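Protein sequence lines, in the order shown, are assigned to chains X and Y. Here the first sequence is numbered in this note's numbering, starting from 116 and rising by one per residue. Here the second sequence is numbered in this note's numbering, starting from 44 and rising by one per residue.
Rather than coming from a laboratory, the hints here were simulated on the basis of the structure.
Here are some chain Y residues the structure puts well away from chain X; computed CB gaps all over 10 Å:
hint : residue
1    : 317
2    : 353
3    : 358
4    : 359
Below, computed lysine to aspartate or glutamate pairings styled on DMTMM-like, alpha-carbon distance capped at 20 Å:
hint : chain 1 : residue 1 : chain 2 : residue 2
5    : Y       : 207       : X       : 257
6    : Y       : 357       : Y       : 441
7    : Y       : 90        : Y       : 478
8    : Y       : 207       : X       : 258
Note that the coordinates shown come from a computational prediction; the quantities given were computed from them, not determined experimentally. Here a beta-carbon is modelled for each residue, glycine too, at the ideal position from N, C-alpha and C.
This is what each chain is made of:
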Amino acid sequence: MIEVWYGVVTFMMLTYVVLDGRNFGAGMLHFFVARTPEERRQVVAAIGPFWVWHEVWIVGFGGTLFVAFPKLLAASFSGYYLALFLVLWCFAFRGGALEAGGHIPDKMWRQFWDVVFTVSNYLLAILFGAALGNLSRGVPVEDTGMFSMAFFTNFSPFGNPPGHVGLLDWYTVSMGLVVLIVLGAHGASYLAMRTVGPVHDRCVRCRRALWTATPAAVVVIAIETWIVRPALLGAFFAQPLALLFALVVMAGAAMIFTGVRAGNDRRCFLGSGAVVIGMLAAGAAAIYPVILFSTINPNNSLTAQNTAASLHSLQLAALWWPVAGVLAFGYLWYIGRYFSGKVDVERSTAGPY
Amino acid sequence: MSDPAFWHRMQFAFTITYHYLFPQLTMGLAWFLVYWKWQALRTGDEKFNQAVRFWARIFGLNFAVGVITGIPMEFQFGTNWAGFSRYAGGVIGQTLSMEGMFAFFLESAFIGALIFGEKRLSPRVHFLAACGVALGSWASGYFIITTNAFMQHPVGYEIVGTGKDQMLGLASVSDFLLNPWAWIEFAHNQFAALVTGSFAITALGAFYTLRNQYREQASLYLRSGTMAGLFATWLVALPTGDSQAKMVAWHQPVTLAAMEAHFVGGDMAGIAVIGQPNVARQRLDNAIELPGALSFLANGTFQSYVHGLDEYDKDRWPDNIELLYYAFHLMVTLGSIFILLMFLANVQRFRGKLETSTWLLWPLLLAFPFPYIANTLGWMTAELGRQPWLIYNIFRTEQGYSEVVSNGDVIFTLIGFCGLYLAIGVIFLFMVAREITHGPVPEEAHTNLEGRHD
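Okay, chain Y solo, but in the shape it has when bound (with noise of 0.2 Å):
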């Protein structure tokens, strides 16, 4: 509470986080529309047609809540982080420009054809707006990633003007888009939403199956969920995963340490399985570990030597090493758990089971939100990672917020996006319930319990 910038970083990390729940389904599910699409027109079987219907409602209902949540996110860099924009604006101003310009326009124009215009345009048009809308979701995601890896690792930057007029501006537009902090994390994060998507189809497939409804379209959402699943839950881990984490210990050494609560520096360097780090004592507590993997993780060998905490000045620890430590490991964790469970569905769906394997179909529907839990925890390690810097090594986050802003303006409107994202949270889910109860009926059926054609 002692740092200035405190109640910023509150209502910044809480509406982001909010926020993100939405278009990483939207990104996760995007591809599954496009495959669909393309078997109708491949086969004219008409079931995958139905799918696409079904899940471009709940694709409409998370993509409307993205963008009410997501103007907010673009406002704030003004309006609480104006130190920032003035500083940053001439560079990281480039890729949130982008991703309105190239990528939410273009995401936006088809959506509505993808969702209302079946009737209207031809299968192969129709199967377009299903690419153009999975395209623009993934390109939106580029830029932010870029806007995101920009500030863990800034190129393609100089610095203009003098004293207080000081600021950033873009050097080189290729090196800037092409860092390659951002192709790694850009791979990690959409394979991390490629999950969230797997799992949400496969656990309304397992729905579906346990309660004995709409079998042809559970199979479908179950054999094409798991598919997915099974290499998205084992791509976010290898390689990309293990990239990231290079990456940190290559460029941010400190950080890396703060992640495992690594205080002392050393040889054979390990990950703690169990263990709670004890920042005022500097050390781990309870710990069980396992030996040199960090060593491994950090460097490709067991023996390598891993910069510990005490190697670096206190005004360069990541401010709460505690939070950073377990959103790491949870992260790892349920990765690990992901990569378990979409293995064992594959096993039992090869052996033509898994439509009866209850045992299984149980923890399948209940996992889906853990995605979003592990996705969410992977940003905070990014973010709480990267402290107590907003530009890693160049700009500070107290340097950042908007210093005409008070304390009560920013509690009072952080207590307002509480109540209202609370309201928008209950109708949506309200929405996407109605969405599964109506079911993946056909298209007429459906029109008639809607009541749109009266």
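Just chain X, with the same shape it has in the complex (with noise of 0.2 Å):
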């Protein structure tokens, strides 16, 4: 049972960050690749009616947490307490400027919001990337099964003090560019998809740097990740389901490459999704059944099994979910259906977004 929920637990996040994630991206390459103020507002239109829709999957996700992990969802929130705030202040930005900058044509409006959305969108890759870096580094779990820790802590590779890291450190914040790069691409690559004209000439440009600088950046954290966290690749070829999920990513990276190469905007896109879903599936397939890894004293650490709710609970919530899970996704194929299809300069100034 409890494997199952780890399973759904690990399938909403999954789905929230191929959604959102093309978002992040878009709003990072907004003014690589949108010159003009109407070229803008077409990056915009691309994601805009999509952004509240794809923001409710993390709410989804943690719900879901909630309903299966509660105690993994108190330690974890509480011990990121500032830096999950931040996240919530950027989301507020990142909406405000989706929603208030589109319904005023005004020159200035529009500047001061299309930097507020960008800005945003930094700001949430780094911070949900240091996120994935402490999960997989490890956080200072107590014997009570919560930690607290230093928002900035050690940015030199050497000399670790083992055991109380903080929030933000090399490795973290080295895989938070990692993400950056990675979401950067997963986003060009839908852009590329959903536009045309000189926007969408540029999204393919970024799309090819991002995408060919993507390898190299693995690399080098599948290196820091060994520095902090020997155990873990180990744990990776011992796996078996996180090797298929190394194939998906095989797969996924294949589509983008005979994509990028016949021109085909929507099999890159795909490929694109395969790519981010296997990475982070992998992940989280080599970690279980430790979630949260203590780096005070590994018996401290956080599993599936004593974080998650009763029995019971997870029988009866058992009971609810698909249902919720077939609607949620019937929805979510119905308007992927609807909203499909280029945006070009004129329509995305006179679309409804």
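Mind assembling these two chains? They're in different frames, but the hints should get you there.
Written out as structure tokens, the structure is:
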């Protein structure tokens, strides 16, 4: 039962990252791929109608985490206190930028919100990346099952005092940068699929550059991970599911490669989704059953088993969750089908968003 | 301030109070949109579609701010109330998760179709989109209220584990979801949201009528708003508010005594019309009371006995009796004024004189902030009255906050929220004012104003 819920929670997280990751990416590339105010509207229109719809998946993910692993939610949310509030505020700025920016066709108004939009997306991507880094490195979980940590710590890769790590150190920041590159590439793949004209051409160039940089970044972060938590790489190769998801990453990479060659934007974007899903899923499979590794004492680590809700609660939740899941993915499929197609400069300003 | 959970409570209270200003209007407006959309389908009259288009934009702005301010609410269960989440997550996580999965997804999936889809969807499907949004917003309300009802009156749970690993698990989904407290609280709360919606629509109708603008639309708003308002203001008091009070009297007698600053138990207990609770002296100063009214409210007869605070240990008393007393009394006073105002408005409407009754249109216009205040006061009554418990009689508030988070962290984020929400509020008001100034003009004129067809 616990394994199933671990899978469901991971699945919700993957869905959220794939859906909202494109918005992070598009937001980061906003000023690179769009040079004029009209072109920037085009980028926003390509993601605009969806932002609420994509952001709700983090609520779905949070809710699922709460129902299945309440103690994990309690420990991690209170432990990441300041970082999480920064995330929440960035969400507010990003939503405000999308909602307010488009309503008034005034040059200064739009300039202001375009900058807010871009900055908040950079911060969100880095913060989520750092959170991922904390997950793979581990945090100082105490024997109470809770932890608190400094916001900034050691930025030197050597002479690392073991145990009391902080939220941002050399490792988690480099994970943030890797996430920046991957989500940027994902966003570029999405925008290339959804736009035409000069914006499309610039997206194609960004897409190629960022996807080319990705393998190098992944190798670097794998080596860094081997330095901070050597056992994780061993666990990765011992876990068949993780290797299976690594194959998904390979397949996605192949789709991107051939998609770029053939100029097939759709195939590229699907490949990009597969790469993102595969990497995260492989990571989730490799760390199981430990979710939050304790850097102080491995025995304090928070595992799926010691943070799960009671078995009866999980069983009862398993009765209604599938219904909700089918409905949610039904809406996702319907909306995705409905709002497909290209956004060009003319339609973007006329278009509803 | 000696309360270790003080700043956690302040932050949650501030963010939830601010957040709930927005969903209460969307829940109140949603069925108006459905009604007008249905009328448009039935009669083919364009004015109904025009009304939906206009109010859907107001709805959209409220929904967006509701989402932006709502996501922090879910997060704060973990960030600020880790003790509570660890202990009760197996139960309250269920409804909070259902809210996201069943209701929020439904609402956010259809809101885009409602606001932007009119040209691309058939009228029938567009009507269904309005229904989807309304259902989603009310279902959302139900799951949140069920969570709150569990905290007020826990049912359907079991205690598992021992010592510091002790926690609550769900024993019965149906007992938990069909908590009798939840039904009454939900009905009371939803009619209160409808009061907010009715007053907002009536106020805009009054505004345009007084300015002699958009008279056809203004007339529709006045008619729909006062008609719904007549029923909603009444139903929020009777039977739902009354049942809620009886429920409190039955399950939380100490809370009822505190709501009324009823320090000494007795027969023929009164309700104070005026009076200031003096907790140190344990009496109500300068009291003017309606004799027997509290006995009637609590038990249905004027003579019956009502428990006083003196019958309970002080560590079971709500910790802010004064604020609780004023919140409850001001809510009841405002509710009574709403009934009177909507009654007068309907009398004038049936006489065909509402649109020319300037003396009444002004109060109807100026009344629109007060349902927000009354809703807030109602929630203050519920939540202050629940103290000192997080889960009534099971889990105390001071056990529930995040011990690893220092006061310095919480004050920092609270200041951040104050600044952020001030900015959001200013931008929101600016954009709503802009929509109101543009007015419910026909589709083509509006898109030209917006410059969307450049």
